[in-house]
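Asks: These protein sequences, in sequence, are chains A and B. Using this note's numbering, you'd call the opening residue of the first sequence number 1 and step up by one each time. Using this note's numbering, you'd call the opening residue of the second sequence number 1 and step up by one each time.
A few of these clues could be false.
Stated by the list, open to error - DEER-style ranges, computed between Cβ atoms:
| # | chain 1 | residue 1 | chain 2 | residue 2 | range |
| --- | --- | --- | --- | --- | --- |
| 1 | B | Ala24 | A | Phe178 | 19 to 29 Å |
| 2 | A | Ala143 | B | Gly69 | 46 to 56 Å |
| 3 | B | Asp65 | A | Ser27 | 45 to 55 Å |
| 4 | B | His74 | A | Phe178 | 29 to 39 Å |
As the list claims (entries may be wrong) - These stretches of chain A come out as covered by chain B in the derived footprint (C-beta under 8 Å, 3 or more residues):
| # | segment |
| --- | --- |
| 5 | 130-142 |
| 6 | 193-202 |
| 7 | 216-226 |
If you are wondering where the hints come from, they were derived from the structure by calculation, not from laboratory data. Cβ atoms here follow ideal geometry from the backbone N, Cα and C, with glycine treated the same way.
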Amino acid sequence: MRLDVNVFLGAYPFRRVPGTSPDAVVSAMDRAGVDLGWATHLPGLFWRDPAEGNAWLYETVGREPKLRAVPAVHPGLPGWERTLTDAVAARAPAVRCDPTFYGLDPAGAEVRRLAGACGEAGKLLMLAVRLEDGRQRHPNDRAPELAAAAVRVLVRSHPAVRLLITHADRGFVEEVHFGSTQVEAARLWWDICWLWGPPEDHLAMLLATIGLERFVFGTGQPLRLPETGLAKLDLLALSDNDRALIEQHNAERAEGR
Amino acid sequence: MLIDVHAHFYTARSSRADWAERNASRLAAGDRVGVTWHVASILGTWGRTSPTYFPSPADLTHANDAMAGLQREHPRRVRGYITVNPNFPRHAEAEIHRGVAAGLVGIKLAASRRADDPLLDPVAHLARELGLPILHHIWQRRRGDVAGQEASDAIELGRLAARHPQVRFMLAHIGGGGDWIHSLHAVRDLPNVYVDLSGSGVDGGMLEACLGAVGVGRLLWGCDLTIDTGWAKLRYLDHLLPPADLERIQWRNAAAIFPTCAFPEA
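Using the sequences and the hints, build the whole thing.
Replies: Printed below as a string of structure tokens:
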């Protein structure tokens with residue numbers, strides 16, 4: 001089974017992206033041999049209340065067995081705790097927060113409270129470092145990228161918080177991992193979508209230096225081609241068991257299963 | 001057949017201690033992907049004794065020698081560009097002649113001088129005379145000066161290409177970061193500018209936009225620093241295009257713009 005933890009549904013506001021409808025995304029997943037996707041409502045990420053996209057997301061994934069909902073939580077809005085409670089009740093694999101897009105300090109009190117609440121609820125918290133290469137972003141797309149320092153703050157903010165960070169590059173992963181204790185680092189997972197393959201071999205190096213158990217299959221589709229994740233793994237000399245860890249089991253452990 | 005028009009190698013004199021590993025990794029990954037020809041350049045000493053994008057004549061001579069050496073070492077899978085710095089016109093001219101004599105098959109211009117600067121004209125004249133294509137490093141939509149480079153964007157390359165309509169130019173790494181939409185608009189109507197698909201960027205919609213802007217006949221497959229993303233683009237193109245069109249991007253377009261002897265079985 002191949003599980004993509006980093007899937008978006010819905011239109012992107014800053015450029016034309018083909019294939020953003022649920023049907024088109026599932027079709028792309030089929031093309032890439034992805035059996036299950038953890039999906040986020042992409043337009044909501046840019047809304048003043050991102051959680052307003054969650055109802056559509058739950059309804060949509062309810063009709064599509066290949067998708068599971070990753071609802072958004074804005075911890076700066078009163079009542080956000082209900083969104084987390086709903087996510088727990090809905091057995092969402094994770095909730096996501098994109099603080100810089102919400103205008104929040106990613107290491108600030110609101111996001112730390114969310115991290116703590118997720119820890120206590122046993123819910124994985126997902127954050128993206130970026131959605132696009134910073135050199136190509138739309139002039140009005142000005143939200144800062146997530147800083148590695150903020151992830152270090154969040155993982156230290158509660159002893160039970162578990163974080164899944166997507167779209168991180170090698171330097172980011174290393175800075176957080178080796179800037180954390182072993183206990184803290186064991187509560188962090190990274191998707192592979194922004195990690196370079198050969199000849200630079202960043203992914204291979206990280207698997208060797210940080211450990212295979214910390215990495216999960218994520219593509220960022222449809223903003224990015226899902227074929228890239230497969231190509232990265234196909235270029236590694238992984239045993240079937242090791243590949244299954246990245247493609248499935250590590251994500252399940254991150255989820256708390 | 002599969003031709004990677006944008007590859008790099010390193011030498012013992014480069015700034016990287018892992019130079020040999022990177023070279024070996026490129027060749028091994030290329031084998032896995034099915035790359036028949038790596039068409040590569042070496043940008044001087046990659047910063048060790050002169051800046052990567054402003055390589056000194058001595059470093060370029062070393063790099064071009066090394067490139068020719070790699071081509072001799074791997075006669076069935078490596079082809080090389082002659083890398084020049086147009087700020088040293090006599091050296092550039094001599095290197096191009098020396099490189100051709102050594103069997104190198106194209107010219108690489110990085111970011112030592114703006115693409116539309118008259119200093120590039122002698123290089124383009126030589127390219128035409130010798131039948132060599134030029135791969136030009138491009139920053140997709142340059143909004144100002146880029147640290148460490150005198151980078152050019154597609155508009156600046158377009159001015160050079162318009163002055164030299166019989167020279168084939170390759171706009172480097174459309175997926176290499178930056179506003180590729182801007183670049184595609186800039187080269188849409190320039191028949192002698194080809195778009196190299198390399199770069200770590202794998203944006204959804206980028207390949208469709210490339211096809212829409214310049215058509216299947218002006219796209220070239222390449223990887224640059226990330227073979228994984230090159231392979232991913234190839235897989236997606238396989239989904240988008242009929243086999244005959246895919247073949248053009250895989251190798252036929254490249255074979256048509258490099259010297260006829262560059263790829264023996266093409």
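Asks: Look at each hint and say if it fits the structure.
Replies: Hints versus structure:
1. B/Ala24 with A/Phe178: 19 to 29 Å: 27 Å, holds
2. A/Ala143 with B/Gly69: 46 to 56 Å: 48 Å, holds
3. B/Asp65 with A/Ser27: 45 to 55 Å: Since B/Asp65 and A/Ser27 have Cβ atoms about 51 Å apart, the given range 45 to 55 Å holds.
4. B/His74 with A/Phe178: 29 to 39 Å: 37 Å, holds
5. 130-142: holds (count 4)
6. 193-202: Our answer is that it holds, as 6 residues pass the Cβ test (under 8 Å) against chain B, meeting three.
7. 216-226: Three-residue rule met by the segment 216-226 of chain A, so holds; n is 5.
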